[in-house]
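Modelling step: build the complete structure from the supplied sequences, incorporating the hints.
Number of protein chains: 2
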Amino acid sequence: MTAEIIDGKACAADIEVGLKQRITALAASGRSPHLAVVIVGEDPASRVYVGAKQRACERLAIESTRIDMASTASFDEVVSTVRRLNADDSIDGILVQSPLPAGMDEVAITDLISPAKDVDGFHAANLGRLVQGDTSGLLPCTPAGVMRLLDWSGVEVSGARAVIVGRSRIVGMPLSLLLAQKGVDATVTIAHSRSRELAALCRQADILVAAVGSAGLVAADWVRPGAVVIDVGVNRVDDPGTTRGYRLVGDVEATAFEVASAMTPVPGGVGPMTIAMLMSNTVRTAEMRSAD
Amino acid sequence: MTAEIIDGKACAADIEVGLKQRITALAASGRSPHLAVVIVGEDPASRVYVGAKQRACERLAIESTRIDMASTASFDEVVSTVRRLNADDSIDGILVQSPLPAGMDEVAITDLISPAKDVDGFHAANLGRLVQGDTSGLLPCTPAGVMRLLDWSGVEVSGARAVIVGRSRIVGMPLSLLLAQKGVDATVTIAHSRSRELAALCRQADILVAAVGSAGLVAADWVRPGAVVIDVGVNRVDDPGTTRGYRLVGDVEATAFEVASAMTPVPGGVGPMTIAMLMSNTVRTAEMRSAD
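These protein sequences, in sequence, are chains A and B.
Each number in the working numbering corresponds to the 1-based position in the first sequence with 455 added.
Each number in the working numbering corresponds to the 1-based position in the second sequence with 455 added.
I should point out that these hints are in silico values taken from the structure, not numbers from a laboratory.
Incorrect hints may appear among the rest.
For identical chains, the list gives no copy identity; a pair is met inside one copy or between any two copies.
As the list claims (entries may be wrong) - Straight-line alpha carbon distances no greater than 25 Å define the calculated SDA-like cross-link-like pairs of lysine to any residue that follow:
hint, residue 1, residue 2
1, Lys637, Val472
2, Lys637, Gly588
3, Lys475, Ala528
4, Lys475, Ser745
5, Lys637, Ala563
6, Lys637, Gln659
7, Lys637, Ser623
8, Lys637, Val562
9, Lys464, Leu703
10, Lys637, Gln552
11, Lys464, Met524
12, Lys637, Thr479
13, Lys637, Asn690
Given below as structure tokens:
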């Protein structure tokens, strides 16, 4: 068996079509969504991600403002920036790019963003709604992107055994809540580096999600033949044969494509969905503020 | 094998000893913790629960104020009551007893309680911290009680397979997050009414938690011999042989005591722990406000 490729780029493009219509409707009422991106320091991967987000804004005619802060910026300076953006009525969405410089408390900064402008969906008040069983608010982008991708691909989620490897606040934890919601109805297992018999556990999965950030950690023989595999990992591995000197690989061994029934590629799987959901959240914040 | 009984009453009594010391320390600085309980309508079970909470306050010299509202009270009247209690500096903790009258949005009311006075731990901002990996705040009482009970009983949680049957915002969802936290390290499965092969899934559990509210739903042969069983359910079943006409039973068949290595009884298992954790949260809010 060779897996059907779950094409995140194509799904993201479909989402952008819908967003463009909503952006046009907003423009007709005199509003253009406006995203503010705060980036602190010179992390090269962050600059790549922020660049991709800004290009998506350009494609969709979403206004974006980038605030570059020096790696030496203090916690208080970042706090002041967030407070200023909260108070700025022209800004709909605020995103503080991770990682912040070592020692700066990312969660504390996240929780200072106005929940109504929290386009990353990482604010405690937004994450807490998932525990309450309410998914109508701003959802974290990567987990929301995975849900959309499963839906778009026609994967049967209700009653399925989903195993998520990784328990981050960004992906694993919120995705487990989304998959277990009433009406979604997967039976969800959260596994992690301390889980015993991880391979056998993964082989029970109808839907296997890898979100650990470790190249090829999930071996092909951890995948049950016919399972659906969602690979959230984006890892750089050295590759002198490329002009950049590295290539991107997922958390799942590429040979798993011979075992799964459907699988996301890396790159071109979950990555584009994360950006599409960020755009979706930004349009959403503008619509909500427009309705106020 | 006959299971060791995990004695929630004894564990709760141990917790009360520690709380009394903290309450004495607060009193020395001129503060007494003060819990406000709002009860709307005449639900008989609610009155029993609120009575038990008030008796716990009396045992511990925690001041308690009960606000009785008619079953005909409007949403706005309940909102006004909560706002008044938020603003009242003499009140440390606020609890709105569930269930509210039919049609009244409980989650909306919960989210109006000041997060710093949210002794039930159900506010989105408090639940969201669990997704963020932070368990230092006000935790929901029943899940926190289960965690304390496992610790008190010496149950090995790290690396264990935990299966939680039930995905409520009150128990199943937050407990899954607590068990999966870094440093706790259980491998957690959230199962529910839509889960397939529920019996086989439960038999994989080292720690089986039943939190569905359905008498005896979890059959004895769903329990792996030697597993630890935590029965969160409290269900009334008719029993003409008793003076009250009913008795309380859990979600797990009583014959599971012959299979498990350790198991909580109903009543006297998780129930007393929920109240102990409510008292603990109330003392906590008073300490936090005292430190301000």
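The hints, checked one at a time:
no.: 1; hint: Lys637 - Val472; result: neither (29 Å within a copy, 40 Å between copies)
no.: 2; hint: Lys637 - Gly588; result: both (7 Å within a copy, 23 Å between copies)
no.: 3; hint: Lys475 - Ala528; result: neither (36 Å within a copy, 45 Å between copies)
no.: 4; hint: Lys475 - Ser745; result: within (16 Å within a copy, 52 Å between copies)
no.: 5; hint: Lys637 - Ala563; result: between (30 Å within a copy, 19 Å between copies)
no.: 6; hint: Lys637 - Gln659; result: both (22 Å within a copy, 23 Å between copies)
no.: 7; hint: Lys637 - Ser623; result: both (22 Å within a copy, 10 Å between copies)
no.: 8; hint: Lys637 - Val562; result: between (28 Å within a copy, 16 Å between copies)
no.: 9; hint: Lys464 - Leu703; result: within (16 Å within a copy, 55 Å between copies)
no.: 10; hint: Lys637 - Gln552; result: between (32 Å within a copy, 24 Å between copies)
no.: 11; hint: Lys464 - Met524; result: neither (31 Å within a copy, 55 Å between copies)
no.: 12; hint: Lys637 - Thr479; result: neither (33 Å within a copy, 45 Å between copies)
no.: 13; hint: Lys637 - Asn690; result: between (33 Å within a copy, 22 Å between copies)
Consistency with the previously given hints fails for numbers 1, 3, 11 and 12, ordered from lowest to highest.
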